[in-house]
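Protein chains: 2
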Amino acid sequence: MNRYPKKKDFPVSKIRRYLEPGPVVLVSSSWKGKTNIMTMGWHTVMEFTPSLVGCVIAGGNHSFHMISNSGECVINLPTSVLIDTVIKIGNTSGAEIDKFREFELTPDEAQEVEAPLIRECHASFECRLHDGSLVEKYNFFIFEVVKAHVAASPKYPETLHYTGDGVFMLSGKTVNRRSLFSERLL
Amino acid sequence: MNRYPKKKDFPVSKIRRYLEPGPVVLVSSSWKGKTNIMTMGWHTVMEFTPSLVGCVIAGGNHSFHMISNSGECVINLPTSVLIDTVIKIGNTSGAEIDKFREFELTPDEAQEVEAPLIRECHASFECRLHDGSLVEKYNFFIFEVVKAHVAASPKYPETLHYTGDGVFMLSGKTVNRRSLFSERLL
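Chains as they are written, first to last, in my numbering: chain A, 1 to 186; chain B, 1 to 186.
Note that these hints are calculated values from the structure, not bench results. Check before you lean on any hint, since a few could be wrong.
The list cannot tell twin chains apart, which means a pair is met if one copy fits it or any two copies do.
[To be verified] The list that follows gives simulated cross-link-like pairs (lysine-lysine, DSSO-like), each with its CA atoms no further than 30 Å apart:
(1) 137 x 7
(2) 173 x 34
(3) 32 x 88
(4) 88 x 173
(5) 173 x 147
(6) 173 x 14
Please take these sequences and the hints and turn them into a complete structure.
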């Protein structure tokens, strides 16, 4: 494993490549000089351009307040080597600990938002709140991805997909069926 | 392969088990005596109770109008043996063909909605529109799952996860990390 995958700029309109398969992600935030990280499984791509992602951030999370107040976050894609870290982040509160320090993760400066990138993750998507109209009712945030950073390799990293009950599915092999698609749907 | 997995009742509050890992699903609908099926990748669980699922159904889809008008649909979970059928469903229009007949799928009667279950799928979730307030702006529907049917075996079916560009990721092995979780988060 490369503990620090070298990330490059990636087109924001193409992030479905990483989020549509449904991986668990780590959401980093910053507010009033403090940072935090949460584990998130409830998210969906909503549009290519602008690049929109909708997600549920429960009100009980310390991150909820930091993200609501700042209107920003970074969605980071961890690979399976980080499985225990992902679980620990989801089972602790940023109100009590500094998760970057506690879990030996490295905050990198983002370009468009104050929230830090997580260096150890395969990809990082800088997000700004686009529509908060369903936050009060469903804790549902619609973010615009304003900047994307992705490691060039591996092309298909092994990601984590949560099924509940402490069980994760790991991403398996890929199958190319491009020949069956209409050009306009690719 | 069992072409007709035998499904049983399943608690609607636990469907995250199948949808949270991010599989491609088939959405069946019914309106004015006709049925249709679409392939969908943009969805997320939003709540356990009521059991809510949010998803994007593009306005250009024939299904969009059928589901908007009926306020109902069934979200079906195909396994990897159906990969070519899933693609063909996504690359044709219900305005032109009868997808159940064309792709040799079997419509089964649902209990709570008019839309049919797809017999060949591993699971079927009967849905009723819960909140359509973001349909006009984002084509985003929030459904309540009112009845769930799931095949008892296999416990972890091989599902399809779309990455764009005609490439699917197949679900891989599962890892149990229950011992690392707080009881309240399981």
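Consistency of the hints with the structure:
1. For a Cα distance limit of 30 Å, the shortest separation of residue 137 from residue 7 qualifies neither inside one copy, at 36 Å, nor across copies, at 33 Å.
2. Taking the shortest Cα distances, residue 173 and residue 34 never come within 30 Å of each other, neither inside one copy (39 Å) nor across copies (37 Å).
3. Taking the shortest alpha-carbon separations for residue 32 and residue 88, only the intra-copy value of 24 Å comes in at or below 30 Å, while the best inter-copy value is 51 Å.
4. For the homomeric pair residue 88 and residue 173, the shortest alpha-carbon distances inside one copy (27 Å) and between copies (21 Å) are both at most 30 Å.
5. In this homomeric assembly, residue 173 and residue 147 come within 30 Å of each other (Cα to Cα) only inside a single copy, at 28 Å, whereas the closest approach across copies is 32 Å.
6. Proximity of residue 173 and residue 14 under a CA criterion of 30 Å is satisfied in both settings, with 21 Å inside one chain copy and 27 Å between copies.
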